[in-house]
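Q: The chain contents come next:
There are 2 protein chains.
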Amino acid sequence: MTDVITFTGRTPIKQLLAAVAPLTELTVKGWARTVRRGKDVAFIALNDGSCCATLQIVLDPKLPNYEEVSRLGTGACVAVTGALVASPAAGQQWELQATLVAILGTTDEDYPLQKKRHSFEFMREIAHLRPRANAFGAVFRIRSALAFAVHQFFREHGFMYVQTPIITASDCEGAGEMFRVTTLDAEQPPRVAGQIDYRRDFFAERTGLTVSGQLEGELFATAFSDIYTFGPTFRAENSNTSRHAAEFWMIEPEMAFADLAADCQLAEAFLRYLVTFALNECSEDLAFCNERIETGLLAKLEALAQATFETISYTEAVKLLEKADRPFEFPVVWGRDLQSEHERYLTEEVFNGPLFVTDYPQEIKAFYMRRNDDDRTVAAMDLLVPRVGELIGGSQREERLDVLDERMRTCGIDPAPLNWYRDIRRWGGCPHAGFGLGFERLLMYVTGMENIRDVIPFPRTPGNARF
Amino acid sequence: MTDVITFTGRTPIKQLLAAVAPLTELTVKGWARTVRRGKDVAFIALNDGSCCATLQIVLDPKLPNYEEVSRLGTGACVAVTGALVASPAAGQQWELQATLVAILGTTDEDYPLQKKRHSFEFMREIAHLRPRANAFGAVFRIRSALAFAVHQFFREHGFMYVQTPIITASDCEGAGEMFRVTTLDAEQPPRVAGQIDYRRDFFAERTGLTVSGQLEGELFATAFSDIYTFGPTFRAENSNTSRHAAEFWMIEPEMAFADLAADCQLAEAFLRYLVTFALNECSEDLAFCNERIETGLLAKLEALAQATFETISYTEAVKLLEKADRPFEFPVVWGRDLQSEHERYLTEEVFNGPLFVTDYPQEIKAFYMRRNDDDRTVAAMDLLVPRVGELIGGSQREERLDVLDERMRTCGIDPAPLNWYRDIRRWGGCPHAGFGLGFERLLMYVTGMENIRDVIPFPRTPGNARF
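Respectively, the protein sequence lines represent chains S and V.
With the numbering used here applied, the first sequence covers -5 to 461.
With the numbering used here applied, the second sequence covers -5 to 461.
The shape of chain S in the complex, shown without the other chains (with noise of 0.2 angstroms):
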């Protein structure tokens, strides 16, 4: 890492505890995790976010503000001067001896944050504090060092950003439950002939929260070959569950010209390379997370990261559940769609590692996944690894214009609101695939953390849009 020139006259801690060599005057700025008062010495452990770890800061009887700034409380907030030089203390190499002390806010016995360490679900109670615990810090630093990654990969591959709308009057999956979005009156809306009168609301038709950029992201794609969105997305389901939130981020590339096997190439890549660069890159913070988050953290990253991606067909998948010498909860049918235990198992016992199960009957699958010459299924892939289960869900888009429209009559779905999505089959279509990647559950897997209201800054679940 390079230095960093920051706008507000300090260094930022991450970067003087990775010096080489003493430094005579320097100002650091951040939070004390502890005030440490001894007989003649008194110790802050600071912290600014630019990293875990803690900068000792010395503090001498003689400074002038000794008496209040040796009383501090846990998260006090101080600008300190001083010289970086040798630490004599052990596990650490650089303490700050200080000669300036400005006290910048102070906290009182209601802080929530004191020393000891506190549930995560405590935390999410004050989600506006915990960006300071270092659990968090970690999961939010690795999180911002991720989003680069994303950009950064497609930018290196050729692929360009594409930021598809928010606001919709279209239901990509045709059957997603999403948020209206909406400026009527809800107490007297307008109303013609007894019904609301949505030609009067905001966008003069019935609008909603995006669930996904795929279809427009098609658009793009047979503009600029290779596309990507990275962007919120949204579900209204009344699910309280761990892996869950109403309010997601989701990466969807797109490929012109790509067929499913373009597609699981590229999702390995993917995936490869944003393993490899969160352990290059958050090498500390990762150490933190398989400490005190997922034990074997570590271990599971860098075997993913040189891992062979395996490829079964559906069809095959269900072969060897069937074989399986041990019960499932959910019984394995062929022609239905593969429950959380039946991926874990595959990917967890049979194989180990990474795995693509292809080929999905057409019956379970969304209406623009391209039919196979089977009739039965279609070019489906689902990337499954240990411990998460998919991670990934993608498909070779149907290109052919007869079979979509077929396909959108046997769906129900209406294609007229559809036409400029059928259009792009009509001029200049090609084959074309993508994929999803939920950004909070790449998060999961990357961090160790659980539940998705942990990996997201502030979270939104039913009943709750705090902070």
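The reader is advised that the hints may include incorrect statements.
If chains are identical, the list can't say which one is meant, so a pair holds when it fits in one copy or spans any two.
Mimicking EDC-like on lysine to aspartate or glutamate, the simulated pairs with C-alpha atoms at most 20 angstroms apart in a straight line are [as the list claims (entries may be wrong)]:
# : residue 1 : residue 2
1 : Lys313    : Asp179
2 : Lys8      : Glu150
3 : Lys109    : Asp417
4 : Lys110    : Asp368
Just so you know, the hints here were simulated from the structure itself, not pulled from any lab data.
Given chain S, work out where chain V should sit, using these hints.
A: Just chain V, lined up with the frame of chain S:
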């Protein structure tokens, strides 16, 4: 640019046009911009979206499907294998001698994008196809590049990216018109005591779409020091202007320990970085915009990249405007907001360059801006640039809880729902500052596009949520 390896067996045309030597066998895939048939030869001008320019494909009548290929229409999609050879034609270095052409998708006479130039208004009606047109290809490639530049700038400067919530129960400005987000049955909402019972809505309270991520960004800044957001924001304003959209993307950095001067320094460094990035990385597309969209665009951007950013106070600005030797439509009065005509006079005629105007009257600014010692003005800044006016707006935030509370009372804002915002002033508070840059306004400035609808893939405006 290093060579890109695609997942679809094709070489991007951008790379071929930059080739340093002939190549024997390679494959390109893309869309015909034109097909010209001569007596003994035919040509396709092929575009794949990797750049603005087309690659000339030379078709020999000996090709088995020559008859069919040479009669393709504009917009048809083909995969071509052949050899890259020096072109005898003027204005292009390379052409591709085709040995194999696969037709992937044809077009017909109904295809709306014929060779002639279409108006931007017409193109908005076919927003699903307009990325295939040169101007929109250029604009959306610049959009993608600048989105990457935003992330790269902040990563290089040690800022953490935070994805703030889209659905929110609070309203940052206290006044902005918000879209409502709901899952209640619009026809028969549940009621209690005659009123709609929002406790039974999805989030158990009234929620809307965010107008800014700033307040949540401030929370993260008091843990990570330097942070930024980059995400969609919304305004339910029923104004059909060329500069307003209902949905747009905003970039909002926030720095702990920053005063207004540091905030201005960040804004200057950021804007200079983005413009320089565009000049370096998007030179072909900017040359197109310079020729077809805004005459003098390149000179304008080059001037900005080198410019001195001046700073004057609002009070000084008012004096300059009062002395102006020209009339204004809106009167200049201390205490009123500057109008666009005033801003453009200052930045274009007085300073002829980028200009920060700082320290606005408290009454015309938001409650969270830090009050100056004069008790009349707040530590706010607007960055004005020639041809656009306001591009960036920011402020130092009020970190003193008593002053903030007093200001909220004056503005009629109930403090209780914002206790989380108040908390970071109670515990470990510090001076901090930030700003907002509307991404689309930046893109209008950089591309020369005059209507915000033409820099957004699928714009949302009153009466329009198509695609």
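Q: Is the C-alpha distance from Lys313 to Asp179 at most 20 angstroms within one copy, between copies, in both cases, or in neither?
A: Intra 55 angstroms, inter 45 angstroms, cutoff 20 angstroms: neither.
Q: Is it within a copy, between copies, both, or neither that the alpha carbon of Lys109 lies no farther than 20 angstroms from that of Asp417?
A: The answer is between: 18 angstroms across copies meets 20 angstroms, while 60 angstroms in one copy does not.
Q: Taking 20 angstroms as the upper bound on the Cα-Cα distance, should Lys8 and Glu150 be classified as within, between, both, or neither?
A: between (28 angstroms within a copy, 14 angstroms between copies)
Q: Between Lys110 and Asp368, at a C-alpha cutoff of 20 angstroms, which is it: within one copy, between copies, both, or neither?
A: neither (61 angstroms within a copy, 44 angstroms between copies)
Hint compliance for this structure: hints 1, 4 are broken, all remaining hints hold.
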